[in-house]
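There are 4 protein chains.
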Amino acid sequence: MELVKDFNWKKGMTVKELVDAYSQIGFQSIELKKSADVIVKMKKNSAKIFLTFTSNMVTSGLRGFFAQILKLKMADVVVTTAGGIEEDIMKATGEKFVIGNFNSDDVELHEQGINRVGNLHIKTESYTNFEDRILPILDKLYAKQKHWTVSEMFREIGLMLDDENSILYQAAKNNIPIFCPAITDGALGFHLYLFQQKHKDFIVDVVKDFGNILLSTSFDEKKGVIALGGSISKHHAILCTLLNGGAEYAVYMTTAHKTSGSMSGATTDEAKSWGKVKDDSDVATVIGDVSITFPLAMINALEQLTDEGLIKGVDK
Amino acid sequence: MELVKDFNWKKGMTVKELVDAYSQIGFQSIELKKSADVIVKMKKNSAKIFLTFTSNMVTSGLRGFFAQILKLKMADVVVTTAGGIEEDIMKATGEKFVIGNFNSDDVELHEQGINRVGNLHIKTESYTNFEDRILPILDKLYAKQKHWTVSEMFREIGLMLDDENSILYQAAKNNIPIFCPAITDGALGFHLYLFQQKHKDFIVDVVKDFGNILLSTSFDEKKGVIALGGSISKHHAILCTLLNGGAEYAVYMTTAHKTSGSMSGATTDEAKSWGKVKDDSDVATVIGDVSITFPLAMINALEQLTDEGLIKGVDK
Amino acid sequence: MELVKDFNWKKGMTVKELVDAYSQIGFQSIELKKSADVIVKMKKNSAKIFLTFTSNMVTSGLRGFFAQILKLKMADVVVTTAGGIEEDIMKATGEKFVIGNFNSDDVELHEQGINRVGNLHIKTESYTNFEDRILPILDKLYAKQKHWTVSEMFREIGLMLDDENSILYQAAKNNIPIFCPAITDGALGFHLYLFQQKHKDFIVDVVKDFGNILLSTSFDEKKGVIALGGSISKHHAILCTLLNGGAEYAVYMTTAHKTSGSMSGATTDEAKSWGKVKDDSDVATVIGDVSITFPLAMINALEQLTDEGLIKGVDK
Amino acid sequence: MELVKDFNWKKGMTVKELVDAYSQIGFQSIELKKSADVIVKMKKNSAKIFLTFTSNMVTSGLRGFFAQILKLKMADVVVTTAGGIEEDIMKATGEKFVIGNFNSDDVELHEQGINRVGNLHIKTESYTNFEDRILPILDKLYAKQKHWTVSEMFREIGLMLDDENSILYQAAKNNIPIFCPAITDGALGFHLYLFQQKHKDFIVDVVKDFGNILLSTSFDEKKGVIALGGSISKHHAILCTLLNGGAEYAVYMTTAHKTSGSMSGATTDEAKSWGKVKDDSDVATVIGDVSITFPLAMINALEQLTDEGLIKGVDK
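Residue numbers (this note's numbering), protein chains in the order written: chain A, 27 to 342; chain B, 27 to 342; chain C, 27 to 342; chain D, 27 to 342.
Do not take every clue at face value.
The list treats identical chains as one, so a pair stands whether inside a single copy or across any two.
DSS-like, lysine-lysine: derived pairs with alpha carbons at most 25 angstroms apart [stated by the list, open to error]:
(1) Lys199 - Lys170
(2) Lys99 - Lys74
(3) Lys122 - Lys31
(4) Lys170 - Lys248
(5) Lys172 - Lys226
(6) Lys99 - Lys36
(7) Lys31 - Lys199
(8) Lys199 - Lys37
(9) Lys122 - Lys338
(10) Lys74 - Lys97
(11) Lys31 - Lys97
(12) Lys37 - Lys67
(13) Lys122 - Lys36
Because the hints were derived from the structure by calculation, they are not lab data.
Isolated chain A, as found in the complex (with noise of 0.2 angstroms):
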């Protein structure tokens, strides 16, 4: 029986302290620290973890993290949607984005050429500076073979970048598959579109890609799902596992609630109902701001492992 416990700042205080804390104060800060317990967990029973974020994710600052964090090798599977792609390479390619408003002036944002995603913007210039660099780059791709699947063309991709901070580089040099099941949704789609209007036997193969994502596990092993946000990031790992007899472990960290009945707000519990997770010290809810909540969590669980020697090459 755990008790509610008064929280008291200390001069200095660390991720790690605040977060041990969080256990003992309430509400929502109780699942956060919990979360960062069932992602240690993961780890130490050599769970196969499938990380997947949506692309408003990518727009902003957790990229260089999500980046780091397959560095590290927190995670083995990736999923994300097409603009989380689209916007890694802009990125890797030099393209900044900026902090606004969340109550901008859109028409006049529009006039300046800039688009807006809650308090960030990407310029318009972005996008077409985008189209520059990708048509070079499905030119080698076409020029290796015609067939693709989209993740054996992420790993390509990530290979001809050269970015630290880059989801596809740090996957790509370490061997992590990224699966997006929406290639085409996004600026990507239309360039591959009007690629193929030029090179009719270039085809890109998701129904090949979906064994790729399904034999990335096995029944035999653990398997732990890590969903930031929901869309078919989230669902797409969740169906891998669960056709691979449900995973083991559960942290889902969204902003959306289960009350509609999406996919976004889907909770730890519902997960039971369709596959394997029993124990309820394996899953994990958080609702609230992934800007905010993930670095929280992931940091506290990075302090743990990096304390037990379970994460080896880190900079002290």
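Assemble the complex: chain A is given as a structure, and chains B, C and D must be docked to it using the hints.
Okay, now just chains B, C and D, sitting in the frame of chain A:
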């Protein structure tokens, strides 16, 4: 200058009368009536209407309403997710979904072979029955050709069904294309994969299908988006209209908020920064559960349009 | 075992028909129909009904509906906040509220003397007019007695008003007490304070009024709570029924979620831990904007009750 | 023009470093860092700081942090609800609250005499113990005088307690008034009522206390509001600062959204229409669970202020 008006109930009040009154109540009720009026504008101005929804809405009884909307030609293009497609087929081939509870014992449900989607239940049996039904369908498709786009495949499947309440059936019958940028993200994807394992030359071409949605409209045409829920269905319709110069009209109905910068919560205001919509009277964002809000807004629009003779063939 | 049913619109559909259909659609629509049925149960079983709402709902056009509900004797006790009381008086004495926009330029509105409540506007002028109207009312009250409880004061004020759409008027006319545990939290509080400065023996006795709400019901009586929104109005009604052995019926309609442990988001399930409600068929929590959901649920209940002859004096 | 920056974890990272990095991540993390900076501004510019919170936060371990904040003189006026006061007294007199689960069997909890507040538990026994403790306190208060304002009563009670983590204790010791416009809305109200039944001349004067909060600041003084959660605590602080010419600084932290027009969800932008705040750099609204967000923002502010020597007496 519109005034707030004290609402009074009258015995036998119709949905149209209530939604008309909403315009003077306040908060989301005002936005809901606005959304009905934007839908009417879309139709009156002969805009090409993109209707998007997520799979949980097809799990719900909204499925029959979507089919009816297609029959009444109130949408010209549909975008949804793989789950929505497979559940439409399940229902069209006799599966029944059951009303449950948000606070179920999910471990117990799992033991009973019941999968929970919010307060709705799908039996595991329905998925095995789906397998029995989709395999001969895939055989027929393959016999016809080896290389399919997603929307063409859906059209063929729709023609094989016989259910007035089926989305695929009504779409096929009324020549309305259905797009699904993440075709593999569901049981359907699994069966496509297994099928491809046996028939190596079976190809689902998502890149080519991006061309199909892109060419489903044009710069010259007026365009309207009715996006229910978020996810890639919403994003894909917006992307397509954007690449065609932007939508003139937009109605977003969702439970997500704009505060986390997600696509699901992006408002019609944010859309202005990306595209073309300029006039406040042509966009509406309604926050609320679509199972409640969409029938209200669409019925109000349908009643207006029927009264003006703009929708034909309605049983009175 | 209730099944999900495909929804179809019929021309001229009534609110009652739509809400009846909600029971088989899914997600919050099911909960909404359940809430209508719980309200019907309250009335049929002669429960004492506590209706609570927050001041923003009185800013909206729901005010007239609340008044009508009191007239139809669908509530026996009302709990609200100071803002709700003062705005009811403002409207009863001629002030008009205006429909605005959620995304206004608030600095500009301020310069125009306009105060924004979501997408509704209240002129600063309405507050100065309120001052002119409340002062003679306080004079009359003081002339009658020096020591008032809040609910008795409201009854007197209600008798001075002449507006069928006024909550205070209908409450007074139908002998329904209105409680307001935070009477000073509004412009009303300011005027009470200034009045007391001139009349040192003027006392508003909130402690005594707690006795009044406590004695407004009893252990022997069945009790129902209809709580719209959260805040202390909701809490106060629950507290009072709890001290009388717990409510048998409860309907909570709110936009708040249970995940932060707040009173506003507390569900009818959480209520079971505190009190007496035991049967799931007697409680309902509906997540959504009350400006949309409450008219739907209450109209469905009113139509049912009128059809069964349990509500009299309804104009057809 | 601030750029989005890729976030990277460093071993041993402090809370201050993380929150500093938040300013370049995106979405709510940016708003959170902004809120920390607004709090620093309040202090640097010697604003009178109004801190408001709801009772569930006192149920949680934030209670000790609030007490510490008062000890560090980071707030000059406190506004809260009755539940917050009684739970502070309970804890100061030895009651322990327990960490539970959001998805409990509430009927079972009730049988065990456990009351649930989100994922926290309060035993019914704690309420009966509270009764034993509050009665002698009321006797002492009554022996001193018959006529009390709420804030004066709280000061007296605070002086009777002996707990460094008690809000009432630290407030009394540091001459910080606590206001509670809805004093009767809790177990405290019930005991006040019973006490008044025996002592008819015992008066709690809320109207006079409105004068006390009104005179706690002035037009000439700079004012800042830190509102945690919504409800009347938030509204009361805003009302008081408004009647004194408006607050120069405002930080709102809440899970409520502005879309339903409620006080809980009202943003600092909406506040501009009512008052005086003009500069975006002086206001911040953070959407998220206060149990996570408030420690982060306040610790960042405390570290900044301590580093600059603006807070004294901090143990290092």
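Status of each hint after checking the structure:
1. In this homomeric assembly, lysine 199 and lysine 170 come within 25 angstroms of each other (Cα to Cα) only inside a single copy, at 19 angstroms, whereas the closest approach across copies is 43 angstroms.
2. In the homo-oligomer, the alpha carbons of lysine 99 and lysine 74 lie at most 25 angstroms apart inside one protomer (10 angstroms), although the nearest pairing across protomers, at 47 angstroms, exceeds that limit.
3. Taking the shortest Cα distances, lysine 122 and lysine 31 sit within 25 angstroms of each other only across copies (9 angstroms), while inside one copy they are farther apart (43 angstroms).
4. In the homo-oligomer, the alpha carbons of lysine 170 and lysine 248 never lie at most 25 angstroms apart, since the shortest distance is 36 angstroms inside one protomer and 42 angstroms across protomers.
5. Taking the closest pair of Cα atoms, lysine 172 and lysine 226 come within 25 angstroms of each other both inside a single copy (9 angstroms) and across two copies (15 angstroms).
6. For the homomeric pair lysine 99 and lysine 36, the shortest alpha-carbon distance between copies (16 angstroms) is at most 25 angstroms, but the shortest distance inside one copy (32 angstroms) is not.
7. In this assembly of identical chains, the alpha carbons of lysine 31 and lysine 199 lie at most 25 angstroms apart only when taken from different copies (22 angstroms versus 44 angstroms within one copy).
8. Taking identical chains as interchangeable, the C-alpha atoms of lysine 199 and lysine 37 lie at most 25 angstroms apart only when they sit on different chains, with a minimum of 23 angstroms there against 39 angstroms within one chain.
9. When the C-alpha separation of lysine 122 and lysine 338 is checked against a cutoff of 25 angstroms, the pair qualifies neither within a copy, at 31 angstroms, nor between copies, at 41 angstroms.
10. In this homomeric assembly, lysine 74 and lysine 97 come within 25 angstroms of each other (Cα to Cα) only inside a single copy, at 15 angstroms, whereas the closest approach across copies is 47 angstroms.
11. In this assembly of identical chains, lysine 31 and lysine 97 lie within 25 angstroms of each other by CA distance solely across copies; the values are 18 angstroms between and 36 angstroms within a copy.
12. Taking CA atoms no more than 25 angstroms apart as the test, lysine 37 paired with lysine 67 passes between copies only; the shortest distance there is 20 angstroms, against 30 angstroms inside one copy.
13. For the identical chains of this complex, lysine 122 and lysine 36 are inter-copy neighbours only, at 23 angstroms across copies versus 37 angstroms inside a copy, given an alpha-carbon limit of 25 angstroms.
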